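Q: The lines below spell out each chain.
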Amino acid sequence: MAVIACIILGILLAACLLRLSLLKRDVRQLNNKLSGIAYTDTNARLGTNTFDQSVADLIQSINAMLKKNRRDYFEARRTEAVLKRAITNTSHDLRTPLTAARGYLQMLESSELDAETRARYIAIIRRRLDSLGVLMSDLFEFARIIEGNTTFDIQEVNVANALRDALSEAYAELEGKGFTVEADIPDVPVICRCDEDALRRVLQNLLKNVCVHGKAYLRVRLFENKIEISNKADGLDKIDIAHMFERFYTSDASRSNKSTGLGLAIAKELAERMGGRLSASREGDVLMMQVVLPQV
Amino acid sequence: MMNLIRADFYRISRGWVVYAPFAGLVLLHAIAMVLNSYAVSGTMYVEFLLGGAQLLFTVSMIPFVFCVSVPIFSDGTMKNDISWGMSRTKLYVSKLLVMAMLSALLYVFYIASGMALATIIGGVGDIVPGYGMNLLQAMGAQMVGVLALCSVMIFLSFLLKKPYVLTEALGAVLLIPMLINWISAIFHVDTSWVLYFDLMSNIERFASFHLLDSRAILIAFGVVAVWMIVPSAAGITLLRRAEIK
Amino acid sequence: MTVLKTKNLTKSYGGKVAVDNVSLTIEQGDIFGLIGQNGAGKTTFMRMITSLTRPDSGQIDLFGATTSAKLTEARTRIGAVIETPALFHNLTAVQNLEYYRLQRGIAEKSRVQEVLEIVQLTDTGKKKFKNFSLGMKQRLSLAVAILGHPDFLILDEPINGLDPTGIVETRDLIKRLNQEGITILISSHILTELAQVANKYAIIHHGRLIKTLTQEQLHTECKRAMAVTVDDAAKAAVVLETALGIRDYKQVSGNELRIYEYLHDPAELSFQLNHAGVRVASIHEVGDSLEEYYIKMIGGNVQ
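Protein sequences, first through last, are from chains A, B and C.
Note that the numbering used here numbers the first sequence so that position 100 is 83, with each residue one more than the last.
Whatever position you read off the second sequence (first residue = 1), add 1256 for the numbering used here.
Whatever position you read off the third sequence (first residue = 1), add 77 for the numbering used here.
None of these hints come from the bench; they were simulated from the model.
Be aware that a few hints might be false.
Cβ-Cβ distance ranges computed for the label pairs, FRET-style [as the list claims (entries may be wrong)]:
1) A:ARG8 - C:SER187: 51 to 59 Å
2) B:SER1448 - A:ALA(-2): 30 to 38 Å
3) C:THR144 - B:ALA1490: 22 to 30 Å
4) B:HIS1444 - A:LEU1: 33 to 41 Å
5) A:SER44 - B:ILE1475: 56 to 64 Å
6) B:VAL1482 - C:SER187: 42 to 50 Å
7) A:THR23 - C:ARG301: 41 to 49 Å
8) C:THR144 - A:ALA(-2): 51 to 59 Å
Note that this is a predicted model, so its numbers are computed, not measured.
The beta carbon of each residue, even a glycine, is placed where N, CA and C say it ideally should be.
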């Protein structure tokens, strides 16, 4: 009898010791792996070969933390890259009109010109400086918006009218660039809650974007509380739809044009701060922007 | 290592092949009962099982090889493991261990299910004093032989890789004693000494373990140990040098 | 951080040299394109990095690991799909992934579903691997490769045998994975395919590394432009900007400018430059298609 009891106790003791040593092994392994991961730039997570459920749970919690860590790290890197690109682009954009203005100034100083040419050069200089001014105010406006210092005057606005106004404003330029414009705007008033000025700005920027980057065909459609602006464009597959609204994003295709890519970013910020949404999608060679506004 | 074994058991259990030997053995028992319905009893049948292990049981191990190691060649998945940084030695040993575990389980099942079935049908039979001990010793020793056979089978699977050739090679290994006796009969040579060094004969020898003297036991275990270690070492070396397709 | 560095990696098969003293470096975050014809040595090179094949000579440095033991450890941070995708024929997609999840000790059971969603293979149900199409096989193999959150992905001709939709999807997937910090090495014999994803290239021919270049360099070499050689590049630049309004140009060497606009009217370019007192030594159109460039690179080195 006693012998059996001893044997059973012995087995129990051995089992406990085994469990203990396994746990110790697990902890040691975890420690090694974790310190390896902590000091390296790696995506690796903790692996497991444990038999113990609590250790497995611990591993999963740590992995969740590692995942978040990595995500934050990449987000920070992306932002840094965007910022660097912004600085480069902006300085290039600032320099170009300045260089041109300086060049023409030099010509005014150095050579003998007739009054007509002189006047022309001066006009060019003025234009360059104006575009510089526009760029600077764009930047300031954008900074202001993101800082959150703009107040919105939310009213019930007739979006149909606002859209028609924006279209007619841009019409001259569109026609000049050879666009066929198709407008599908209801005759009845379409009311949404938003800030009228901000809405106008959003539409202006979107249509300007179409003018600069689009080609041949524009379609504007309004239904319920959604505005859709579709246009054909070149080089659409090079545009990363996900990054389109990022501040200072310009695809290679449009680098040589005069745009800092702020127009779309501003439009998106404004739309969102009003309680709406601005998104883009692409089908084949047609790009569609969609503005969703808060309903009444 | 545990992870590798866990994963392999998961994979193997999804197929039907791994269950076949178990079912096959039950069938074997059933057939044996039917053929001998008048003279079966627990102890007698177990004796029969032990004596016939070197052929009856070992054949049923063959499907395991086709589950455990053949797929990594025929499906070509070994490159996934090696490129991920799995040590080639670890890979080999894990297959060996899985095979060993399955075979050990099957062996116990072989004896236990036979014993149970026979006892149900024909009663327990004579139990001489020390029977339990003798049985355990015989089983233990045969188990060691079975493990050595695992080593041989895994080695052959890593060497030959292709299923058909492998089956033939395995069959040949199992039939070595028969082959030797056959040669002996034809050429009228005394080959009984060879039978000390052949694996299968030793497995048979272990069936009556309690009858062997110490010297015989030592030689037998020595031989079996060689059969266990050499193929594994050769297999690991082969794998380490190989170019993985 | 250098992910991979090889030095004089060499392998011969029966007297024929498959990889000949290849030395290259891949930095973290790169999508590195290895271009070469079939049989140029791309696969053999990849097999050596993943230890499927033992090199005859040369060194491999993976994540800073150089010794055999450390290399094996370092390889746990790799995911690779080499040659034909190979998984267990009689298992389903989920079963295959679960097998590797258990084997590699990945704690989260949800990772299997996660990875299937990433490669868009969520609805194969009970279909066994042997009944998958080639595209599905490749996607599942890729899923296995990224199962353990690797830092380095090695893909051997992943576009091979895919239909156009598959090619676009694979390309997008590669870009997405790269944005999550995975360095990628891809091989292909189609330069145009790689040109859409890679940021660095190496051209390999008859086992030898002919040239390595960055995306920028490739574009510069290939972009259609007017190559203008002048006596005063600075002055020429001013003329371009002020008189012609050209913003898109580059100074590629002391006296040569590449102009990416006004390709249709070289006469006007000449005229304006001359008018401003810049002497034009030569002006002609340059620019290869990628294929032409590639052939030019290997054409001059055929043994």
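Q: Each of the hints needs a verdict: does it hold here or not?
A: Hint check results:
1. A:ARG8 - C:SER187: 51 to 59 Å: Cβ of A:ARG8 to Cβ of C:SER187: about 26 Å, so the range 51 to 59 Å is violated.
2. B:SER1448 - A:ALA(-2): 30 to 38 Å: Between B:SER1448 and A:ALA(-2), where Cβ atoms are some 48 Å apart, the hint is violated.
3. C:THR144 - B:ALA1490: 22 to 30 Å: holds, 26 Å
4. B:HIS1444 - A:LEU1: 33 to 41 Å: violated, 58 Å
5. A:SER44 - B:ILE1475: 56 to 64 Å: About 57 Å separates the Cβ atoms of A:SER44 and B:ILE1475, which means 56 to 64 Å holds.
6. B:VAL1482 - C:SER187: 42 to 50 Å: This hint holds: roughly 49 Å between Cβ atoms.
7. A:THR23 - C:ARG301: 41 to 49 Å: Since the Cβ atoms of A:THR23 and C:ARG301 sit about 44 Å apart, the hinted range of 41 to 49 Å holds.
8. C:THR144 - A:ALA(-2): 51 to 59 Å: violated, 40 Å
Going down the numbered hints, you'll see the structure goes against 1, 2, 4, 8, while the others check out.
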